[in-house]
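From first to last, the protein sequence lines stand for chains A and B.
Using this note's numbering, you'd call the opening residue of the first sequence number 12 and step up by one each time.
Using this note's numbering, you'd call the opening residue of the second sequence number 211 and step up by one each time.
Check the hints yourself; a few may be wrong.
[Stated by the list, open to error] Cut-off 30 Å, straight-line C-alpha distance, at most; resulting in silico cross-link-like pairs (DSBU-like, lysine-lysine):
#1 317/B x 184/A
#2 70/A x 317/B
#3 531/A x 466/A
#4 304/B x 184/A
#5 91/A x 130/A
#6 250/B x 317/B
#7 237/A x 304/B
#8 304/B x 211/A
#9 304/B x 250/B
#10 531/A x 430/A
#11 304/B x 87/A
Since the hints were derived computationally from the structure, they do not count as laboratory data.
Each chain, written out:
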Amino acid sequence: MTTIDPTEIFRQEAGELFETLEAALLDLCQRPDDRELVDSAFRALHTIKGSGAMFGFDKVAAFTHEFETAFELVRKGEIKPTQDLISVALAAKDYIRALIEAADSTDAIIGEAILDDLKQFIMPAPEGVGAATVEAPVVTAERAAGWQLHLEFDSHILRNGSSPLDLLDDLCKLGPCFAVPITDAVPLLDELEPEDCYLKWDVTLASDCSSAAIDDVFMFVLDEMKLTISPLAHVDVPAPPLLQETIPDAPPPVPSLSVEPEPVGRHQAAPVERRDEPKRNEERGIATVRVQAERLDELMDRVGELVIAQARLSQLATNGSDLSIKMIAEEIERLAASLRDTTMGARMVPIGSLFGRFRRLVHDLSRDLAKPVDFVTSGEDTELDKTMIECLADPLVHLIRNAIDHGIEDSAMRAAAGKAEQGRIELQAVHSGAQVLVSVRDNGSGLNTARIRAKAEEQGLIAPGAALSDNEIHQFLFHPGFSTAQTVSALSGRGVGMDVVKRTIENMRGSIELATIPGKGTTVTLRLPLTLAIIEGLLIRVGEGRYIIPLSAVEDCVELTPEDQRSRGRNFLNVRGDLVPFLRLREMMDVSGTPDQHQKTIIISTGETRVGLVADQIIGNHQTVIKSLSKLHSDVTIFSGATILGDGTAALILDVTQLVALAQMHSEKQHMSEAA
Amino acid sequence: MARVLTVDDSPSIRQMIKVTLEPAGHHVIEAGDGAQGLEKAQSNRPDLVISDLNMPNMNGLELIRALRNLPQLTGLPIVFLTTESNEAVKQEAKSAGATGWITKPFKPEQLLAVVAKLVRS
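Only chain B is shown next, with the shape it has when bound in the complex (with noise of 0.2 Å):
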């Protein structure tokens, strides 16, 4: 199944992210923030990226940006989680190459389908 790294400085939400995901079979990769997503997306080599928006170190903007510049890395869904249902938040997210999004909160099913949806097995 896919191999999901979730980018979150909340370790509750990554948690969430995990129990949610991993008994579908699905492998979650963990980081902190956006420095440790963007160095755990080129070392592991997921599938999908859930990152959070607002992090420390780099933001989920910046981490979507560096994602979409590395050349090893084209066509690397990226999902961002944002708080608000903020359309302002979206475009700014999808201008800097975010595949798509999850408003928080959000029910495990939800995720579960945004990953089917983004991750072909």
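Extracted from the complex, chain A is given alone in its bound form (with noise of 0.2 Å):
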């Protein structure tokens, strides 16, 4: 087994202690009672703290301690955890990350002054409680030719793990030693506790050791046990330079530490205010090992590959006819496949580790905004793929802010609406099928749609007066460089627009839906796929070239009517009563030749749109690993990846918002021309 930089993870460790800080400060907010929260505070801070010391970070441990200290206050009841120090907690607890992550960049005069605003909130703590001066103790440069000693243990201290003779051991290393053992105080066999100590022991030590070492070999027992130390026939030493702790806070000695040498005399410790407290980390119930996260990367592309090497021995397995490579095969192919569910399991994070950012987010918002709004959460336990949800956090940091800047009306006009003063903002994961549906909705006033069209007439999107459904309109949100925003604010006009969610969400081949009711509000709901890397597929053959179409947007396979062959002007299918365009994949293949005789059509839907797909074969599914393809094809939008086949050779993966696009944009052209 590897050994991980004990450092490292203590950076690791510190970021899910200041996660679980900043989520108890916060709902400090709203339940300033709740004596768990303030726990749970203390608790991140004293083990930041501790852990700290331990590793290095005395910056951390020096400032921290400060922090804790002011937090006592609040813990013990004294101080009330009010909003403004929270927000200063908040500024403390970025700082103390800034000192762990790059302690040298960062500027003490920061820290100097959030102390400055933490003393602020701390009453004159009591004089003389908890700051009682420690004085060091005088020690005395004797030395003797050898000590005489009586020991007398307390009688449990067998039971709790302390050996005599193990002392006794001790003492001999620090030269020539004589004990005799006192038998006095041993009972009668039928009164003797066998785990009792009954034994006193006289001892003659030829040492010139200080009487420090021999106090030092007791240590852990001075407290339950008499020992008398008396010096042996006096010898004249020169005082050499003192041993002694002289910090209280240091560790106790321990045998065989150097220790650095002091200069003689008394020693004021510095007041320390000292306290026990409790720490419980938030209960974890699953046993878990930290892996890096580039080596989930690699296992799952060893994984990809595996998958792809498989589906070549099934096929090859499947020509030939010798029935144990077909066994063999059978059996790689189930154990590819439960590799690659479990691979793609260990990549799998709840989404709630995002969340937790936003609740800080919308906390300094809506403080910023002097919109005071209520922000719930539900779905943390879902699961993504971590590469996903690395990339959501920015879309959604946008989405947020767009919800509580634009979305939610300030006080004044929530008040004239009739509706309460706190907005409310809901960030909702859920599962639906092969698909997470992550939406953030605001009960704000809801998209201004004439303002939008004006807008968009403005920047001449759309001739003015066209016949334009709200859905439609809504859709210029998502146009580049497109703001409604009449005031820019810090929040707004960032550079990054809805136009980059949108992508960035159409990269992880997901969507985003737009949904808003006039006064009550919007939700923008994004749909995500569970994971990038393995997609079960569609294979189809159009021509002689081969095609992938993500099974989760199959919803049903039909064959091309004659009729509906015929109609090469009209390309709309009747489906089960409904009519839904398609799409000739020869055409738009540029495919020469005639077509087979059975056209197949797939239907394929985003969300509620729904468009046929018209190829010369279905194959099957297929097991798709995603590549993704070269820069030099990223103008071609209908394919979103590549993929190897069974027998080697490569197949286009189609991207299925960007074809279900299309063929609206060829059904409304016809629309159009029909009606002119």
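Two chains, two frames, some hints: make the complex.
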């Protein structure tokens, strides 16, 4: 097993502790009287301090100590966790995080400013309480040729894991030792408790060690024994540099440990406030192993290649006649499939880790914009591929910003509309088949369709007076450079627009939907595939070429009837009573020659819209390991990637979203030409 | 060499103990909280337990008391880790049955010295 640098583990651990701390602080805004939250924040701070000191983050430890001191008062109930205090605490948390991540580039002045702020909340601590001045024991530079010791242990000492014999052994290490047990306290056999210690010892130690060295031997049991030490036959030794601990917080002296020489004299220890506090981290039900993210990526790559190789093997085995090879191929197919599922499972991360970050965002935004907002999340347990979680962060930040900035009205408008003063933003994640839906819902004013339309006309995107559905108008929000914000606040106009959000989501093979009710609010829903790396695909043939359609998008497969075939101009198909537009892939791919007699139509859907794709043949299900296309192909929109088939040839993966959009465009054109 | 059970909810501290003790030939068993520690102490029969005091599920003091109530583990040395050199905490842990303590932050040689002191090969 490889050992991982504990400092790195500490950094990761600190990251989790910061999340706990932040969550607790934010919750405290809502429930300032919740003891459990205060304790939770306190435990996180305490661990950061303790572990920070262990791994050489001295600045972290020192700063956190001050922070903890302030929070100690909250814990004792002496001060209230007000909004102001929590804001300072959040700033302090960010500062500690900066100290851990980049200690050198972090300005200590910021830290001092935060500490000053924190101190405003702290009432002067009662003098003398917990600030006891500790005096280091006066150390005599006594040296002797030997020592006479008398040892009496408490009777329970054996049960507590200390062994007097071991201690005598330790004494022997200091020098020649002669120990005489005193047995007069040993009771009669029937009264004897076998686990009690009844013996006492007189020990003569011929060593010129210091009496502190003898104390060190008994350091753990000094309060459970009577130890008298008297020097034997004084010898005058010049006072050597003193060996003694002087700092009360320093570790207790341990034998064999060299201690820095300190000048002789009395030392006044700095007043140190001490406390003991319970620290329990959040319960972690499942034992976990930390694995570096790249390793998971590598593993996924290997599994992908294995699946491809396995597909080739299966194909060979099917074509051949060797039964035993077929059996092995089936076995490997089964194993590869379960290995793929396990690997994908290992990459799944609950989306809750992402949601946590937004609470801070909402807190800060709602304060900056003076719009009180209730932030509700659900479905934190919903799991997504970890790469997707990372990619989702920026789009969601944007959507939440929009929701608060544009969606939620200010207090006055809300009051006028008869709504509760506090706005509400819901962030929800749910599983839906092979997809995950992540939605951001606000109960604000809803989209202003008229304004979007006016803007679109102004920008020349639509002709004035063109007949468009509300939904079509809303789509302009995804147009690059489209912003209806009349006032550019610090939050809007950051360069990341809805077009970027849409592109990011589509790059993940997801889609984005808008739903709005005027005056009631807006919901933005992101539909995302569960994973990015491997999909179930439907393999089809068009002419000589083979293509993959993601199976999650396939709704139905029907045969194209001769009537449908003939109706060249009108590309519509009657599917169980509904008219569905279809695209002839042969035409799109520019395939010459005569089409197969029985053309097949694959009905695909994104959300509400259905589109048929006409192919020559449906080959069947295919485990598709997605390989991205090179940059040269980046302007080819109808393909989202490529894969390698069992026989080693490549097949292109059709981009369902693009095809649906294309088909809709076609059908609109037809509408228009028919209307004209 | 010694079988050492380290009970701490902080993985970094556990790892620190492990990388210090394993090169010295000790075998380190890890437990993430008091309840796990109690279970592993019974199943693994360590020669020494090094436990944090503040932990979820079962804190260090509860763990020490529970271990001291197990007749089969009588005399098992238990060392606790403490952040502050607070006498009251030490006293409480000692009276719960702890054998010794290590104050955080500690140096690797201090840890090794404590193990050597409490476990005889």
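Item to complete: Quickly compare the C-alpha distance for residue 317/B and residue 184/A to 30 Å and report which way the hint goes.
Response: Answer holds: residue 317/B to residue 184/A is near 22 Å, not above 30 Å.
Worksheet item: Is residue 304/B within 30 Å of residue 184/A, Cα to Cα?
Response: holds (26 Å)
Worksheet item: Does residue 317/B lie within 30 Å of residue 70/A when you go C-alpha to C-alpha?
Response: Judged against 30 Å, a Cα distance of about 18 Å means the pair holds.
Worksheet item: Holds or violated: residue 304/B with residue 250/B, Cα cutoff 30 Å?
Response: The given pair, whose Cα atoms are some 22 Å apart, holds under the 30 Å limit.
Fill in: Given hint residue 304/B paired with residue 237/A - CA-CA distance at most 30 Å
holds (16 Å)
Worksheet entry | Restraint check for residue 531/A with residue 430/A, where alpha carbons must lie at most 30 Å apart | The hint holds at about 9 Å.
Worksheet item: Between residue 250/B and residue 317/B, is the straight-line Cα distance small enough, at 30 Å or below?
Response: holds (26 Å)
Worksheet item: Between residue 304/B and residue 211/A, does the CA-CA distance stay at or below 30 Å?
Response: This hinted pair holds, its Cα atoms lying about 21 Å apart.
Worksheet item: For the pair supplied as a hint, residue 304/B and residue 87/A, is the alpha-carbon distance within the 30 Å limit?
Response: holds (25 Å)
Discussion item. What's the verdict on residue 91/A and residue 130/A, does the C-alpha distance respect the 30 Å limit or exceed it?
Written reply: At roughly 14 Å apart (the allowed maximum being 30 Å), residue 130/A and residue 91/A satisfy the hint.
Worksheet item: Going straight from one Cα to the other, do residue 531/A and residue 466/A come out at no more than 30 Å?
Response: Holds, at roughly 22 Å.
Hint check: no violations occur; every hint is consistent with the structure.
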